[in-house]
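My request is simple: use the sequences and hints to build the entire structure.
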Amino acid sequence: DAGITQSPRHKVTETGTPVTLRCHQTENHRYMYWYRQDPGHGLRLIHYSYGVKDTDKGEVSDGYSVSRSKTEDFLLTLESATSSQTSVYFCAISEVRGSYNEQFFGPGTRLTVL
Amino acid sequence: AQSVTQLGSHVSVSEGALVLLRCNYSSSVPPYLFWYVQYPNQGLQLLLKYTTGATLVKGINGFEAEFKKSETSFHLTKPSAHMSDAAEYFCAVSDARGAQKLVFGQGTRLTINP
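From first to last, the protein sequence lines are chains E and R. For the first sequence, the residue numbers in my numbering are 1 to 114. For the second sequence, the residue numbers in my numbering are 1001 to 1114.
By construction, these hints were calculated from the structure, which means they are not laboratory data. Among the hints, erroneous ones may be present.
Claimed, not checked - Straight-line alpha carbon distances no greater than 20 angstroms define the calculated DMTMM-like cross-link-like pairs of lysine to aspartate or glutamate that follow:
#1 R:Lys1058 - R:Glu1088
#2 R:Lys1049 - R:Glu1071
#3 R:Lys1049 - R:Glu1088
#4 E:Lys57 - R:Asp1095
#5 E:Lys57 - E:Asp38
#6 R:Lys1049 - E:Asp73
#7 R:Lys1058 - E:Glu102
#8 R:Lys1049 - E:Glu14
#9 R:Lys1049 - R:Asp1085
#10 E:Lys53 - E:Glu72
#11 E:Lys53 - E:Asp73
#12 R:Lys1049 - R:Asp1095
As structure tokens, then:
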């Protein structure tokens, strides 16, 4: 158990409203990631962080922003939610295992945008 | 850029039969390769990984995979399927640098018939 929690676990919102998803870790891992999972697409990286206030874009970053003001928290914000952002969102951390970093995933947040 | 293709979005086998899930990757640098499993309504769990060294890697629950550089493949196998193997399986690739961001295939749903 890599000590990753996500909140909320489920959310239904309306188009045009802002939404913030929270990822919390308890073990001071440097790298944190946000992915979205959609049928037929697997998981796709939205944004990632390599330290406090250090973030970068992933493959599908349009419409999303992130913030990391503390090591333990990585926030994903949808400034104005759209129906295309209906998805399951997974947070992950990576733990150094010698030459590679093993990623551990949180339980996911199911977001529905009506 | 890296990419992963999983051949077959759905695979169905009988209990006790061989499981073969196919994964081909594209990478301009030596890859790290992973197989993850996702049970219904859960996050992803690492099954096995290839980083360096032995090309035949063994993972949890009796699964194994072989890295074949000449074929750019990393197929997942299990000699005898069990009902508890029913899940979705994802192949992923990363490089060895920095955040080691994962690029996932689209996933293969494995069904086990009694």
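Now the hints, each set against the structure:
no., hint, verdict
1, R:Lys1058 - R:Glu1088, "holds, 19 angstroms"
2, R:Lys1049 - R:Glu1071, "holds, 17 angstroms"
3, R:Lys1049 - R:Glu1088, "holds, 17 angstroms"
4, E:Lys57 - R:Asp1095, "holds, 17 angstroms"
5, E:Lys57 - E:Asp38, "holds, 19 angstroms"
6, R:Lys1049 - E:Asp73, "violated, 28 angstroms"
7, R:Lys1058 - E:Glu102, "holds, 16 angstroms"
8, R:Lys1049 - E:Glu14, "violated, 40 angstroms"
9, R:Lys1049 - R:Asp1085, "holds, 18 angstroms"
10, E:Lys53 - E:Glu72, "holds, 12 angstroms"
11, E:Lys53 - E:Asp73, "holds, 11 angstroms"
12, R:Lys1049 - R:Asp1095, "holds, 13 angstroms"
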